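Trainee: Whenever a hint applies, use it, and build me the whole structure from the sequences.
Each protein sequence line maps, in turn, to chains A and B.
According to this note's numbering, the stretch in the first sequence is residues 1 to 123, in order.
According to this note's numbering, the stretch in the second sequence is residues 1001 to 1149, in order.
Derived from the structure by calculation, the hints contain no laboratory data.
Certain hints may be false.
Partial list, derived from the structure: chain B residues whose beta carbon lies under 10 Å from chain A [claimed, not checked]:
(1) ASN1063
(2) TYR1066
(3) LEU1073
(4) VAL1076
(5) ILE1093
Covered stretches of chain B, going by a simulated chain A footprint (3 or more residues, C-beta under 8 Å) [unchecked claim]:
(6) 1049-1055
(7) 1086-1092
In this text the structure is predicted, and so the values were computed from the model without any measurement.
Built from N, CA and C at the ideal position, the CB exists for glycine as well.
The lines below spell out each chain.
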Amino acid sequence: MLILLCRSTMVLKEIAGLLTKNPQEIKKNVLYNLGEQDEIEILAISTFDDKLLKSIIDNFLELLGTKNVKSVDLNPYLKTIELLYWWLNLGGFRKKKMETLMKIILTELNDLKDNLKENITKK
Amino acid sequence: MIIIYHCYGGAHSSVVMAAIHLGHLPMERVPSNSEIMAMPLYEKMEGEEHGSFFYCGRDEFGNDVYVLGRRALNIVVEPVLKYLAAKFNNEIIVVNAVTYVNLTMKIGGFLSRKLKLIFLGRPLVLWGTRKAYNKFTAEIKKIKGEFQC
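Mentor: Structure (structure tokens):
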């Protein structure tokens, strides 16, 4: 499972549109299920304090003893002022930023896939 | 099952509720200030510890009780934890302890934890805790009642 954290629902919805055809809203404006990519479920959470939420999620997953779950905080790649650029789409900003974000997401997805494969071969 | 009591700082209401749940504080009477202060986590959690789950113990039904300081993420924490727990086949109860907190506790907690004015905040938060104590016990009775059925 890959968990994406981002303070903007606007950006998350755009990412959802690229990753899946049918994103499910589990909790309005908070929690979205973006479906599966190569058998890895993708969740998206919109919140303002992502650093804290990331540590809550990581600690909780540790408590549950689950592996093969990764949480990615997208906010360091998306400054507050950039949300305005995104909204206005100045100079095709949205497309450029989306490429950066998708690269990060796909890298994390590939990492997870590799981990899964490693775990299967170990078994 | 996992039971998580969460509040803004994880220093007052959630700690008291977890202590009542585990029988460290009495259910049938309001404890004294010294009894409340004797709780190891009461008035202890610092800002950098927010987001960590503090294990408080196991109750008589075999549930593990935790305390969490989650700052203002009250709307987000519950659905996320519940979803993840269900996903990985774990049963969980998430209790927002702030629901039962009064204004005195809020002001006292802010003065003591945020502004570090302990001499001013601590008596206030203790007074508020004792005032809200029956609300805490009523909720815990309700939670425990579900296990007794």
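Trainee: Please list, smallest to largest, the hint numbers that this structure does not respect.
Mentor: 1, 5
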